[in-house]
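Mind docking chain Y with the ligand on chain G? Use the hints.
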Amino acid sequence: MMSCKQVSTLMSTGGLADAPLRQRLAVRLHLMMCDKCSTFKRWLELMGVAARAESHAHEDEAPADLEARTLRRLERSQL
Amino acid sequence: MWSVGTPLLPTTVRSAAELPLYDMGVTDPLARLRRREPATLHEIVHQNTRRLFRAAQGMGFSSAEADDLVQDVFVTFLETLDRFEGRSQVSTWLFGILHHKVQERRRSRARDDLHDPVDELFESKFDAKGKWIAPLPSPDRVASSAQAAGAIADCLQGLPPLHREVFHLREVEELSAADVSNIIGRTVTHVGVLFHRARLRLRECLDGKGWSPPR
Ligand SMILES: [Zn+2]
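Protein sequence lines correspond, in order, to chains G and Y. Take any residue in the first sequence, note its place counting from 1, add 77, and you have its number in the numbering used here. Just so it is clear: in the second sequence, position 207 is 199 by the numbering used here, and no numbers are missing.
Chain G with its partners taken away, still in its complex shape (with noise of 0.2 Å):
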């Protein structure tokens, strides 16, 4: 029986993903019992909506000449 602890690591080190079969049935079992881990889990996830969407609104940022200059620049190097 895995411990809070373990289930929680194992969570945010991102580790879960190659964990054996056996290992990841684990998690869900507990999850399912595991309000304390499910709330865990559910700021893991929040963060990277949050951080994805924060990211992503800086996305037209780039400048729109930038890959213009860069290739510019990569003939020049070439030289």
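Rather than coming from a laboratory, the hints here were simulated on the basis of the structure. The C-beta atom is built at its ideal place from N, Cα and C for all residues, glycine as well. A couple of the hints might just be wrong.
Claimed, not checked - Partial selection, computed: residues in chain G whose CB lies under 7 Å from chain Y:
| id | residue |
| --- | --- |
| 1 | C81 |
| 2 | K82 |
| 3 | T116 |
| 4 | A127 |
| 5 | S132 |
| 6 | D142 |
| 7 | L143 |
| 8 | L151 |
Leaving out everything else, chain Y with the ligand in the frame of chain G:
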């Protein structure tokens, strides 16, 4: 020298005849890249510019600095192309170059101590059996508000640089731990530790900025 729109063979290759597959459209992308075919380079610049710019900003650089960094990354990419063995994706290779540039700019290598005070904070939340001592406040109520967006930007700013980079690459670029391990030159386990610490720091910070309902 090559110029945009003019296919050019590297000087070591005297004629297209030495590259039998050259005009048949069946050469693998790596070979085309090695020959520095403008169309291929064009495509790579096009596919990665915005992403690299976003990553540089995500690591805390200003627009002007990010602009410089992106150009430098591609220049280095071209210079070191012969060392690229095609074992990783081009984008992973580019992120690796960005990582080195960022380290250079920061001069001081980011410390990645084996010990981090945030570990004790995490420990202190569990009893001897590894059970949560007290429940965490629920983040749901305010996490989608505009206030939350401001808070995440502030809290990301406060992370140690390497934590911030790992968090960005894993969460925003959604790269695998193995890719991030290649990019920053640390083991997959170490990437996990850095990701864990980044998230704990962020959570504490957001908690303090009203991400959870008043208690
Ligand atoms: Zn639990």
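- For which of the previously enumerated hints does the structure constitute a violation, in increasing order of number? Of the numbered hints given earlier, the structure breaks just one, which is hint 6.
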